[in-house]
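With the hints as extra help, turn the sequences into a complete structure.
Chains as they are written, first to last, in our numbering: chain F, 1200 to 1528; chain D, 10 to 302; chain V, 52 to 304.
Bear in mind the hints are in silico, worked out from the structure with no lab data behind them.
Here the structure is a predicted model, which is why all the values come from computation and not from measurement.
Honestly, I wouldn't trust all of these hints.
[Said to hold, decoys possible] Some but not every residue of chain D turned toward chain F, in silico, with C-beta under 7 angstroms: (1) S113; (2) R115; (3) P249.
[What the hints assert, rightly or not] Sample of chain F residues with no beta-carbon within 12 angstroms of chain V, all distances over it, derived: (4) S1363; (5) S1410; (6) R1411; (7) W1498.
All C-beta atoms, glycine included, are put in the ideal place defined by N, C-alpha and C.
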Amino acid sequence: MNRAGRISLVAGAMAALSLALLLLGLAIGSTGFEPVRLGGSDPVAWQIVWDIRLPRTVGAWMAGMLLGLGGALAQGLFRNPLADPYLLGSASGATLGVSLLLVLIGAVPAAGTLGLRLGMTGAAFVGAVLAVLITLAMARGVQQTLRLLLAGVVVSMVLGAAASLVVLWVPDIMRAMQAFMLGSTAFLGWPAVAVMAGALLLSLVPAVVLSRALDALTLGEASAASLGLAMPWVRAALIAALALATGAAVAQVGLVAFIGLVAPHLVRALVKSTHGALVLLASLMGGLLLLAADVLARWLLAPQELPVGVLTALLGGGYLLWLMNRGSR
Amino acid sequence: MKRWLGLLLLLVAAVPCAMAAAEVVDDRGQRSRWADPPQRIVSLLPSVTESVCALGACDRLVGVDDYSNWPPQAKALPHVGGLEDANVERIVALRPQVVLLSRSARVSERLEALGLRVLAFEPDSLADLQRVLAQLGVLLGREAQAQALWREMNDGVERAAAKLPPAARGLRVYFEVASTPYAASESSFIGQLLARLGAANVVPGALGPFPKLNPEFVVKANPQLIMLGDRNTVPLATRPGWQGIDAIRRERICVFTPAQGDVLVRPGPRMPEAAQLMADCLARKSAGEGAAR
Amino acid sequence: MSSAIAARGLHVHLGGREVVQVDALDIAAGQWTAVVGPNGAGKTTLLKALAQLLPHAGRVDLMGRDMREWPLRERARALAWLGQDEHGAQDLLAWDVAMLGRLPHRAWLGAPSAADLAAVESAMRRTQCWDWRARPLGQLSGGERQRVLLARALAVQSQVLLMDEPLANLDAPHQADWLLTVRELVTTGRTVLSVLHELGVALHADQLLVVREGRVAHLGATRDPGTHAALREVFDQRISLHEVDSQWVVLPR
Chain F
1200 MNRAGRISLV AGAMAALSLA LLLLGLAIGS TGFEPVRLGG SDPVAWQIVW
1250 DIRLPRTVGA WMAGMLLGLG GALAQGLFRN PLADPYLLGS ASGATLGVSL
1300 LLVLIGAVPA AGTLGLRLGM TGAAFVGAVL AVLITLAMAR GVQQTLRLLL
1350 AGVVVSMVLG AAASLVVLWV PDIMRAMQAF MLGSTAFLGW PAVAVMAGAL
1400 LLSLVPAVVL SRALDALTLG EASAASLGLA MPWVRAALIA ALALATGAAV
1450 AQVGLVAFIG LVAPHLVRAL VKSTHGALVL LASLMGGLLL LAADVLARWL
1500 LAPQELPVGV LTALLGGGYL LWLMNRGSR
Chain D
10 MKRWLGLLLL LVAAVPCAMA AAEVVDDRGQ RSRWADPPQR IVSLLPSVTE
60 SVCALGACDR LVGVDDYSNW PPQAKALPHV GGLEDANVER IVALRPQVVL
110 LSRSARVSER LEALGLRVLA FEPDSLADLQ RVLAQLGVLL GREAQAQALW
160 REMNDGVERA AAKLPPAARG LRVYFEVAST PYAASESSFI GQLLARLGAA
210 NVVPGALGPF PKLNPEFVVK ANPQLIMLGD RNTVPLATRP GWQGIDAIRR
260 ERICVFTPAQ GDVLVRPGPR MPEAAQLMAD CLARKSAGEG AAR
Chain V
52 MSSAIAARGL HVHLGGREVV QVDALDIAAG QWTAVVGPNG AGKTTLLKAL
102 AQLLPHAGRV DLMGRDMREW PLRERARALA WLGQDEHGAQ DLLAWDVAML
152 GRLPHRAWLG APSAADLAAV ESAMRRTQCW DWRARPLGQL SGGERQRVLL
202 ARALAVQSQV LLMDEPLANL DAPHQADWLL TVRELVTTGR TVLSVLHELG
252 VALHADQLLV VREGRVAHLG ATRDPGTHAA LREVFDQRIS LHEVDSQWVV
302 LPR
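The following block contains the structure:
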């Protein structure tokens, strides 16, 4: 079958495009192309390119890969092409975590130092993971997919409302919250990139190893179990991977919409494959998408920046609209 | 003999050198030593910008945030974004020796990771402001000027308070910062200035500096004078139950322009001006009372 | 003859009701047993419980050993299941779906072995879907998809096959093919247990398990007149059985 060839072609094209965008990302910023030209001769320019632009560009790519992977996992787990990685409540949990941290820093300066060390990143990650755990507890384990979905929706709404309450109660944090929720790669340094790389590796492993289980799941829960899969464990491992990938991405770049939803769709439009390849390709596609959105966000209104989450919402929404119209014809 | 003289000279020279290493404590409680006052400063807080300029170090500022608009010299400087969306690249490109920002700014972690020195100052009250001014004085090597500035600012407030006619004293005031409504309570900077002017704030400090109020609360408190920081407020009389409020019946409402709003809201060197603005409002609106008597 | 599947004290509760209640049941090995009965009799529930796909009270043995003592993968290699509600992803190729049947034999990672490839090819040729193995499931008709799913079940190469309504969407020639496949399997010593509502096809089985209201109404050889009587009875005498060309045919009354 030439499917293997097609998969390699698609993967190669995405890698090449990503590399091109990475290089472009080095050249774009509020100080223009100058730092790249000055490069070695000027230490500050060097720092701008290597310590600011490069990590945030690579970071955008990594965050996109995490979200693309999360999307493929969510759509496979829930057997629903409209699933996105935030389904189990991780987005709302992260928002609540960040809002509580901001209140803590503002209110109690002594606790603030602990809060600053934990950072918005840590608070967002802890919030995301806790939200998924609450969803699992509500659904009483991983047994039933429908119950998981419903619990996820409930948790998302309740925690989201709680975060809104916190912001109302301490309105000073409203601006910081909004900045977080619109998503941004501005704060990504090399440590952040390292963290995301670690999370990507940790979540890719179960995703790839259990990809055949995801294929089997398309036959239905009963049939998948009949093929000798220990379904509760398989589901638990996949949900853990989903929570880790989504939590890490949200913690570092905030709430970025649509990447997780759209990446698997785009891959499926290009090549029909089993989950083994889909999981990896969706990850690459997600990286490419967020990288492109980030470069655009920095370039459109240079030297000002658009929040990257706004761009992904516009682009993602546009794509889905196109998909809808194409389907109706 | 020459040897002893030499040693003595060395000692004498060493003393000011040792004393010249200034130690600054910022609002996070972090101590930092400064051998020389920084000559390239980026400030991300409008109130801190104004303070730095008031201490005569305006020419040492190389970048400010989007909202720093006074004095005109600062407004003309490169703007590097706000506290939440500070442009890391632009700040680094300006090669600052110190960046001044607030306690909870997310960008401080990133800037410190890039090797920049960061100081957090967040003056929220009169006591805060005094401390911040003193620390800025130490940082800039202008301690004497900082003390003099503080004395001047206080005198300015006293003068504004002294010029108030007796009818303007003791009025119950409600200061609305935003139309949700968010009010300035006793414990806020504005509230503390109002207290120095002898006014009574209907919003107690226990609710926090800027509480979001239930409009009912204001109706019950029945203030005699209302100050509005937000021009875009819907006419107050249209708020249910507010027509009966004393201040509204007697039309004792002061609306401040955005420029005046800046002066009032920023705890900084324009404190006497802020006090004067509020004193003028108190005097004007209570004039009717005096004339009636 | 030993039994491939034996159930004792099998009770299944669904939605607060007791849906299946079977005191003792022995499915003979090396034979094809068809499960028949009126709608809602609990045939699918019984089959799922036997396949350990539903929680149940009581004990079920597979080839003489308690189901619960079988390691999962070993059990999956010994017992294959074809459900009524298998959809399959639109994007999976027919070949991919058939290869899923080899999951109990394959390691977590790695390419399919020669044995896997041979099993899939042989299964797909049997159900005549080998020629379009590169077509995605979404582009197949209902009957074509069912044949792919059948191939998936056959690819497991298990001793025992449990199938729930395997003839859905299949036209008459392909129903006949399925019949021949089952006969071949039985000849090689395998056991087939299938729920069928096509009584005409069911009457070709070696044994008939007649189910009514969650209980075993009758279990016996298909040719047995007693079985025929039980069949007529369970359908309230609204069918009649006739022998035509040495095959039994069912006609509604």
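Hints and how they fare:
no. : hint  : in the structure
1   : S113  : holds (5 angstroms)
2   : R115  : holds (6 angstroms)
3   : P249  : violated (20 angstroms)
4   : S1363 : holds (38 angstroms)
5   : S1410 : violated (9 angstroms)
6   : R1411 : violated (6 angstroms)
7   : W1498 : holds (35 angstroms)
The structure shown violates the earlier hints numbered 3, 5, 6.
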